[in-house]
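Student: Protein chains in written order, with our numbering: chain A, -9 to 253; chain B, 82 to 280.
Hints were generated in silico from the structure; no laboratory data involved.
Be a bit skeptical, because a hint or two may be false.
Said to hold, decoys possible - Straight-line C-alpha distance at most 25 Å; calculated SDA-like pairs for lysine to any residue:
| # | chain 1 | residue 1 | chain 2 | residue 2 |
| --- | --- | --- | --- | --- |
| 1 | B | K150 | B | Q108 |
| 2 | B | K244 | A | S67 |
| 3 | A | K49 | A | L12 |
| 4 | A | K49 | B | M90 |
| 5 | A | K49 | B | K171 |
| 6 | B | K138 | A | P56 |
| 7 | A | K49 | B | R112 |
| 8 | B | K138 | A | N63 |
| 9 | B | K138 | A | G70 |
| 10 | B | K244 | A | E42 |
| 11 | B | K244 | A | G18 |
| 12 | A | K49 | B | Q211 |
| 13 | B | K138 | B | R212 |
| 14 | A | K49 | B | K138 |
| 15 | A | K49 | B | A207 |
| 16 | B | K171 | A | N63 |
| 17 | A | K49 | B | K150 |
| 18 | B | K138 | A | G18 |
| 19 | B | K138 | A | L12 |
| 20 | A | K49 | B | V218 |
| 21 | A | K49 | B | E213 |
| 22 | B | K138 | B | D167 |
| 23 | B | K138 | B | R112 |
To be verified - Which chain A residues face chain B? A few, computed with CB under 8 Å, are given here:
| # | residue |
| --- | --- |
| 24 | L48 |
| 25 | E53 |
| 26 | V54 |
| 27 | N63 |
| 28 | L65 |
| 29 | S67 |
| 30 | E153 |
| 31 | R155 |
| 32 | R158 |
All of these numbers come straight from a predicted model, not from anything done at the bench.
Beta carbons: idealized from backbone N, C-alpha and C, even for Gly.
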Amino acid sequence: MSDHTSNGMQCNEFDLLLSDALDGILSGPGLDRFQAHARTCKTCGPLVEEAEAGRQWLKGLTEVEPPASLVPNILASTTGVDSQRLRAVSYVPQPRVSWWEHVQASFLEPLWAVVRQPRFAMSFGMAFFALSVGLTTLGVKPGDVWALIQKPSTIKRTYYNTEARVIRYVDNVRPVLELQAALRTIKRNVNPAEPGPSKQQKERKNDTTQQPEQKQERNYSQTGEKLILARAPLGPSVFDGSSLDPSNPDLPVVSVTTYRRFV
Amino acid sequence: MEDVQVVAMLVRRCIAGDAAAWEEIVQTYSRRIYNICYRFAGSGEDAQDLTQEVFIKMYRTLSSYDPSKGAFVTWVTTITRNLLVDHFRKTKQDRITDSMDSTASEHEDAQPLSEQIPDQSAPPDARVRQRELSETVHRALSNLSPELREAVILRDLQDMDYKEIATVLRVPEGTVKSRINRGRAELARLLQRTYRQVM
């Protein structure tokens, strides 16, 4: 602010009075002098309008809302007190998730995302087709399955019905089987059974492996039952002393004794 | 704004270790301090951090408060102002001398402030317009020098009288008035320039 004087008022004085003038507390001769200076001074004149405009702009600024976590954070950082009441105020309740939504979000949706892939979709389609064909072949109607799913009590009833059906079938068949057994006994008593071909021969006939019937045990131990002492008949033994006679043209013969089991 | 006796009692209880008294002080003054910090620092995150720092400092130095020397709100505002000055020095905002047409953010491709102002010829919803206007004034306020900014914030946004502001800023009352006048005028010039470009 310059020290320029206009209408008996310096610019410094004008600057000091400007706030009071804008606040509306300047009155009387002071206000007259102030207004006269504003009209004549090229520096201070525009300042009144600008300051008033700036004040109006700032009036439009509203107070901002601090975050809800501010007070709990301050208390925690100063006293270390974790105020439950403040936490309850700043706590934003989360929407309650039911167990079905939880299962749906954690299991079903990822599974469905996999199933929707074209490669898996084709596989599942083929599996469904095969299952439906198989069930149709077996005579299972989808309506029955649906009834079972809808009413679990029908599973129990179906079980008992099936059990009763099996028992009735066995009861009906039992006299026939007993009669057949009695007839077979009578027939055996009247005509003794002819010896048929032995089972072994029958099996042997069909045997094409050319293997011996009884498996030969390859045992080379000396404890066999049919041991035969074999001796080579070539000359005297080296142990009987004749081999020492020089007139004997025969060379000493080494006799080898082997034990062999003949089967 | 405050009953001196009530506040003095509250402070005494707080010094004695009454947690409820401290909580009451925090509840009473946190909004005011947050707003001062927000208007001065410019961002909500900085304001939140600075507000916490103010209360930490206040909690540590509460016993130094003397009711005979001034109002509690003046003492609190002084602490806030001192921390804001420290923050300003740390962040080196005084080196930034960007004008209203310079980019408001650090990104090169961000729009200048004059381009961010909505077209006045086709105003959208009144509430949206008011919010955008407040944002524009807030950004313009951030472009004032810190001395002028703190003066107009305390006077026009916190409704403090000149004497209290002089105490907080530790300058004569005449200097306070001069800073307020210059701050208001500078803000008006910045905004007029911006709107003139839009229009």
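Student: Look at each hint and say if it fits the structure.
Tutor: Taking the hints in turn, this is what the structure says about them:
Between K150 (chain B) and Q108 (chain B) the CA atoms are separated by roughly 24 Å; this keeps the pair inside 25 Å, and the hint holds. Between K244 (chain B) and S67 (chain A) the alpha-carbon distance is near 33 Å, which puts this suggested pair outside the 25 Å criterion. With a C-alpha separation of about 13 Å, the suggested pairing of K49 (chain A) with L12 (chain A) holds against the 25 Å cut-off. For the hint pairing K49 (chain A) with M90 (chain B), the CA-to-CA distance comes to about 34 Å; that exceeds 25 Å, so the pair is violated.
Of the supplied pair hints, the one linking K49 (chain A) and K171 (chain B) is violated, its CA atoms being roughly 30 Å apart against a limit of 25 Å. This hinted pair checks out: K138 (chain B) and P56 (chain A) have alpha carbons roughly 19 Å apart, not beyond 25 Å. Using a Cα cut-off of 25 Å, the hinted pair K49 (chain A) and R112 (chain B) holds, with the two alpha carbons roughly 18 Å apart. Taking the CA atoms of K138 (chain B) and N63 (chain A), the gap is near 14 Å; set against the 25 Å cutoff, the hint holds.
At roughly 15 Å between alpha-carbon atoms, K138 (chain B) and G70 (chain A) fall within 25 Å of each other, so this suggested pair holds. With a C-alpha separation of about 21 Å, the suggested pair K244 (chain B) and E42 (chain A) falls inside the 25 Å cut-off, and the hint holds. Restraint check: the Cα-Cα separation between K244 (chain B) and G18 (chain A) comes to about 23 Å, which is no more than 25 Å; the hinted pair holds. Annotation: proposed proximity of K49 (chain A) to Q211 (chain B) holds, straight-line Cα distance about 12 Å (limit 25 Å).
For the hint pairing K138 (chain B) with R212 (chain B), the CA-to-CA distance comes to about 33 Å; that exceeds 25 Å, so the pair is violated. Distance check on the hinted pair: K49 (chain A) and K138 (chain B) sit about 31 Å apart at the alpha-carbon level, beyond 25 Å; violated. Distance hint between K49 (chain A) and A207 (chain B) is fulfilled; the C-alpha atoms sit about 17 Å from each other, no more than 25 Å. For the hint pairing K171 (chain B) with N63 (chain A), the CA-to-CA distance comes to about 23 Å; that is within 25 Å, so the pair holds.
About 30 Å separates the Cα atoms of K49 (chain A) and K150 (chain B), which puts this hinted pair outside 25 Å; it is violated. With a CA separation close to 47 Å, the supplied pair K138 (chain B) and G18 (chain A) exceeds the 25 Å bound. As the CA atoms of K138 (chain B) and L12 (chain A) are separated by approximately 36 Å, the hinted pair breaks the 25 Å bound. Taking the CA atoms of K49 (chain A) and V218 (chain B), the gap is about 10 Å. The hint holds against a cut of 25 Å.
Restraint check for K49 (chain A) and E213 (chain B): the C-alpha separation of about 15 Å stays at or below 25 Å, so the hint holds. Distance check on the hinted pair: K138 (chain B) and D167 (chain B) sit about 13 Å apart at the alpha-carbon level, within 25 Å; holds. For the suggested pair K138 (chain B) and R112 (chain B), the alpha carbons sit about 17 Å apart, so the restraint of at most 25 Å is met. With a cut of 8 Å, the hint placing L48 (chain A) at the interface with chain B holds, because the nearest CB-to-CB distance is about 4 Å.
This hint holds: E53 (chain A) has a C-beta 5 Å from the nearest C-beta of chain B, less than the 8 Å allowed. Annotation: V54 (chain A) was flagged as interfacial toward chain B, and the flag holds, the nearest CB pair being 5 Å apart, inside 8 Å. Here the hint on N63 (chain A) is kept, as its CB sits about 6 Å from the closest CB of chain B, short of 8 Å. The beta carbon of L65 (chain A) is positioned within 8 Å of a beta carbon in chain B (closest approach about 6 Å), and the interface hint is therefore held.
Taking 8 Å as the C-beta cut-off, the interface hint given for S67 (chain A) holds, the closest approach to chain B being about 6 Å. At its closest, the beta carbon of E153 (chain A) sits 75 Å from a beta carbon of chain B; the interface hint therefore is violated under the 8 Å criterion. Given hint, R155 (chain A) at the interface with chain B, is violated; its Cβ is 78 Å from that chain's nearest Cβ, farther than 8 Å. Contact between R158 (chain A) and chain B, as hinted, is not supported at the beta carbon level, the nearest pair being about 83 Å apart and thus beyond 8 Å.
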